[in-house]
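The chain contents come next:
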Amino acid sequence: MNDASIRFLAVGHAGAQILNGLRTRSGSTLECAHADTSPESLRTSPIDRRITLGLSVSHGLGAGGDPDIGRLSAEADLSAIREFTQGARLVFVVAGLGGGTGSGAAPVIARAARESGALVLVIATTPFDFERRRVAYAQESLERLKVAADAVLAISNQRVRRMHDDRTHPHELYQFANELLGQTLQGLWRLLDSPGLIPLEFAHIERLLRGRHSESAFAAVQATGENRAHAAAEQLLTHPFLDTGAALASAHQVLVSVAGGDDLQIGEVERLVETLQARCPTAEFIVGASIDRTLTGNLHVTAITTRPSAPAVTAWVGSGFARNDPEPTPAMESSDVPSAAGDRFNGEDFSRESEGRAVADSRFIPPPPELNIEQRQRILSRQRNKPSRRRPDSQMLMNFDIAQRGRFDNTERNRHKGVDLDVPTYLRLGIVLN
Amino acid sequence: MPKESPILVGLEIGTSKICAAIGEENERGEFTLLGIGQAKSHGVRKGEIVDPAKAQEDVRAALGNAEEQAQVMVRNLFLGVTGRHIEGFNNMGMHPVASDDRLVTAQDVADAANNAKAITLPAEHTILHTIRQRICLDGIEIADKPVGMLGRKVEAHVHVIHGNSLRIQNSMRLVQALSIEVNQPVFNGLANAQAVLSPEDKENGALVIDIGGGATEFVFQQGQAIRQSGVFAIGGDHVSNDIALGLKINIGLAERLKIQHGAAVVGADSRGRSVRLGDDDLGLSQREVSLEHLHRIMSARLQELLELIAERCSEACLLDEARAGVFLSGGCSHIPGIDTLAQRIFRLPVTRATCRNITGNSATLGHPEFATAIGIARYGGMRLRNRPRPRFSLRNVLPFLR
Numbered sequence: 010m011n012d013a014s015i016r017f018l019a020v021g022h023a024g025a026q027i028l029n030g031l032r033t034r035s036g037s038t039l040e041c042a043h044a045d046t047s048p049e050s051l052r053t054s055p056i057d058r059r060i061t062l063g064l065s066v067s068h069g070l071g072a073g074g075d076p077d078i079g080r081l082s083a084e085a086d087l088s089a090i091r092e093f094t095q096g097a098r099l100v101f102v103v104a105g106l107g108g109g110t111g112s113g114a115a116p117v118i119a120r121a122a123r124e125s126g127a128l129v130l131v132i133a134t135t136p137f138d139f140e141r142r143r144v145a146y147a148q149e150s151l152e153r154l155k156v157a158a159d160a161v162l163a164i165s166n167q168r169v170r171r172m173h174d175d176r177t178h179p180h181e182l183y184q185f186a187n188e189l190l191g192q193t194l195q196g197l198w199r200l201l202d203s204p205g206l207i208p209l210e211f212a213h214i215e216r217l218l219r220g221r222h223s224e225s226a227f228a229a230v231q232a233t234g235e236n237r238a239h240a241a242a243e244q245l246l247t248h249p250f251l252d253t254g255a256a257l258a259s260a261h262q263v264l265v266s267v268a269g270g271d272d273l274q275i276g277e278v279e280r281l282v283e284t285l286q287a288r289c290p291t292a293e294f295i296v297g298a299s300i301d302r303t304l305t306g307n308l309h310v311t312a313i314t315t316r317p318s319a320p321a322v323t324a325w326v327g328s329g330f331a332r333n334d335p336e337p338t339p340a341m342e343s344s345d346v347p348s349a350a351g352d353r354f355n356g357e358d359f360s361r362e363s364e365g366r367a368v369a370d371s372r373f374i375p376p377p378p379e380l381n382i383e384q385r386q387r388i389l390s391r392q393r394n395k396p397s398r399r400r401p402d403s404q405m406l407m408n409f410d411i412a413q414r415g416r417f418d419n420t421e422r423n424r425h426k427g428v429d430l431d432v433p434t435y436l437r438l439g440i441v442l443n
Numbered sequence: 136m137p138k139e140s141p142i143l144v145g146l147e148i149g150t151s152k153i154c155a156a157i158g159e160e161n162e163r164g165e166f167t168l169l170g171i172g173q174a175k176s177h178g179v180r181k182g183e184i185v186d187p188a189k190a191q192e193d194v195r196a197a198l199g200n201a202e203e204q205a206q207v208m209v210r211n212l213f214l215g216v217t218g219r220h221i222e223g224f225n226n227m228g229m230h231p232v233a234s235d236d237r238l239v240t241a242q243d244v245a246d247a248a249n250n251a252k253a254i255t256l257p258a259e260h261t262i263l264h265t266i267r268q269r270i271c272l273d274g275i276e277i278a279d280k281p282v283g284m285l286g287r288k289v290e291a292h293v294h295v296i297h298g299n300s301l302r303i304q305n306s307m308r309l310v311q312a313l314s315i316e317v318n319q320p321v322f323n324g325l326a327n328a329q330a331v332l333s334p335e336d337k338e339n340g341a342l343v344i345d346i347g348g349g350a351t352e353f354v355f356q357q358g359q360a361i362r363q364s365g366v367f368a369i370g371g372d373h374v375s376n377d378i379a380l381g382l383k384i385n386i387g388l389a390e391r392l393k394i395q396h397g398a399a400v401v402g403a404d405s406r407g408r409s410v411r412l413g414d415d416d417l418g419l420s421q422r423e424v425s426l427e428h429l430h431r432i433m434s435a436r437l438q439e440l441l442e443l444i445a446e447r448c449s450e451a452c453l454l455d456e457a458r459a460g461v462f463l464s465g466g467c468s469h470i471p472g473i474d475t476l477a478q479r480i481f482r483l484p485v486t487r488a489t490c491r492n493i494t495g496n497s498a499t500l501g502h503p504e505f506a507t508a509i510g511i512a513r514y515g516g517m518r519l520r521n522r523p524r525p526r527f528s529l530r531n532v533l534p535f536l537r
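Just so you know, the protein sequences line up as chains A and B, in that order.
My numbering numbers the first residue of the first sequence as 10 and each following residue consecutively.
My numbering numbers the first residue of the second sequence as 136 and each following residue consecutively.
Don't read these hints as lab results, they were simulated from the structure.
It cannot be assumed that every hint is accurate.
[Unchecked claim] With beta-carbon atoms standing in for the labels, derived distance ranges:
| hint | chain 1 | residue 1 | chain 2 | residue 2 | range |
| --- | --- | --- | --- | --- | --- |
| 1 | B | F224 | A | G96 | 45 to 55 Å |
| 2 | B | I394 | A | G96 | 50 to 60 Å |
| 3 | B | A451 | A | Q184 | 50 to 60 Å |
| 4 | A | Q184 | B | I394 | 38 to 48 Å |
| 5 | A | R422 | B | D235 | 21 to 31 Å |
| 6 | A | L64 | B | K252 | 50 to 60 Å |
[Unchecked claim] Lysine-lysine pairs mimicking DSBU-like chemistry, simulated, CA-CA at most 30 Å apart:
| hint | chain 1 | residue 1 | chain 2 | residue 2 |
| --- | --- | --- | --- | --- |
| 7 | B | K252 | A | K426 |
| 8 | B | K337 | B | K288 |
| 9 | B | K252 | B | K383 |
| 10 | B | K383 | A | K426 |
| 11 | B | K288 | B | K252 |
| 12 | B | K337 | B | K189 |
Since this is a predicted model, take the numbers as computed values, not measurements.
Glycine is no exception: its CB is placed at the ideal position from the N, C-alpha and C atoms.
Excised from the complex, chain A in its bound form (with noise of 0.2 Å):
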């Protein structure tokens, strides 16, 4: 994997703060930028590559807190954050949402990289409970984050705190959640940059998150010493940004990366996995491996988990990749997945979800018929054998009129501007409910 396909886009301050952390504890050389509405910011920043946004929109004062006018200054430099994002492979957009640059600038930056051709995975902090406003802020941007983003990792501030007491130094909780991200970025980073023992590609990585949206986690752990697989295991069980394991739990695909120092031994890579997979038994597992000299004593484990996502996703977003789901297993649902982990998943019920798979095709997103080269070639040369069969003037009118409309389905057409209102709203702003 070059280098340079891997880019770090950090969003406002905040952004640029937790890519900080990364930099130093990383070492190596990132192709990082700092976007940023406010030149004071940028001009403290610790990262050299600096893209102002929106000189003309908010005449260098910052977004001032405001979401709309980071969207807009956003939108006014957009070919800046092109310019950076050209070529990459995989963008980390990096942002404290509930600010006005965060908020507002990162979901239209996640989507031009996006759109650029990346594989664009966004790392978040939200605001404390007691920043209502900014809570508020944080909420919608998200909402835009995860469908912009193929993937979205965001630690609540709020969840960090429960983690301190009261006396903990704001800074110290600031610089926790910060490490926390930190780690995990770094552990993605290492993922693809170092040579695998057990290599892991991008591709692998890919067909993971893309079109996946929220519903991946990541995490990363080190622990060292005797008995350090068994740790860096139980760190990944009761880790915050897997739920506390419930992640796991539910996991459809969970992709593992050991990287350990000329000490790593196959044994300890084999226990943790098979710890892990203890946890999750019907999962697919991915394994990789990778040595760095740097490491010698540690072991550092990254995790990256999928769910099987809703079909209305897999329909759109997924159809320009290859992507082998397998088919929803009904032992997502037997006792042997531990109860009390086992029914959450970004704090959502798996196991109706499961269920709800197979209520939920509709005929308003029509899922793509899944079929073998055997069949298809079947259909094909079905098709070839009777060509004087077709009768273009029997031919069916493809219905466009799918949209369901319930109970006001007989009833006059409330057009208004070239939409039918009557057809619910979250379908027709597409909002996926998995």
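Given the structure of chain A, go ahead and fit chain B onto it with the hints provided.
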């Protein structure tokens, strides 16, 4: 005691319920609510009648309830109408002052107002209300009437509310079939604003949004003038329908879910929570639905609705003039968080409306669902008050559709 206080009856044929309000007004214009009756509505979709037989039964029931409570007999009433066919728009009529001395007469003003009404309406449409906004004399706004002033031309700015006359007459016939006379059809939104706005609110300028079961009316009132009004045939029914389609449940369940667990904004606390759908008699149905999805579906619909209204009102920068803010009424104004949502969209103070300046059963007045029916009756009172006749009898006032 007033010698003769006319009994005022307002009837709203709504999508979810039919509501009749009976009240009386004294000489000072104070309105007392005597009785209110309601019945579940079966024959109405999106504010318009689709099953006259059922609707008629429901109207009879609602009027019966109200009559019983008020201990009066209803002979005639003011009928609220709504539906997406009803539209409001602003128009201006001009009249040059004809006399040589350029003295403006009352006739000039009346002619200007009449010219404002002379508009091309869609086929079958008829004017429901013409509300005078302001009178200008040679481009200068005159506080009252410019009669006696000198000028060259009089301009009357009016707001015209019109609707499909056939559909309006459909609902009128329904009432007439019960041997009850319809004094005048009244646009629901206009009536609703009369019930929920205090005189100060009107003076400051207020946007009243009545989100009912099948239709949403909005009226922007400033002083005595209506600046903007309209109807979107979207309401609580659509919210329920969206929920039913989105969560794959039946519409009754969706309705219950909306009332018990609904919210207009997706809060952080709904994330990851789920609601167990009501058990059936055997205690079987154990399906759970995500609270976040429920709120997201509702939020999308209500946000869209409010944005449509905001779009209509922002055409003339009206929202900047709404110093009293936004008033939400109708059944959907009960949805938790809808005030937050409205505040976010309109960037104005948002109030959940209650009926103002009315005495009577106070338990009823707190309910925004009854505001329209009460408002219709009040509007009727205003019409009667503003047009005194030599012989004051309800029967000979206000022929339909002047």
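Handout entry: Structure versus earlier hints, numbers of those that do not hold, lowest first
Key = 5, 9 and 12
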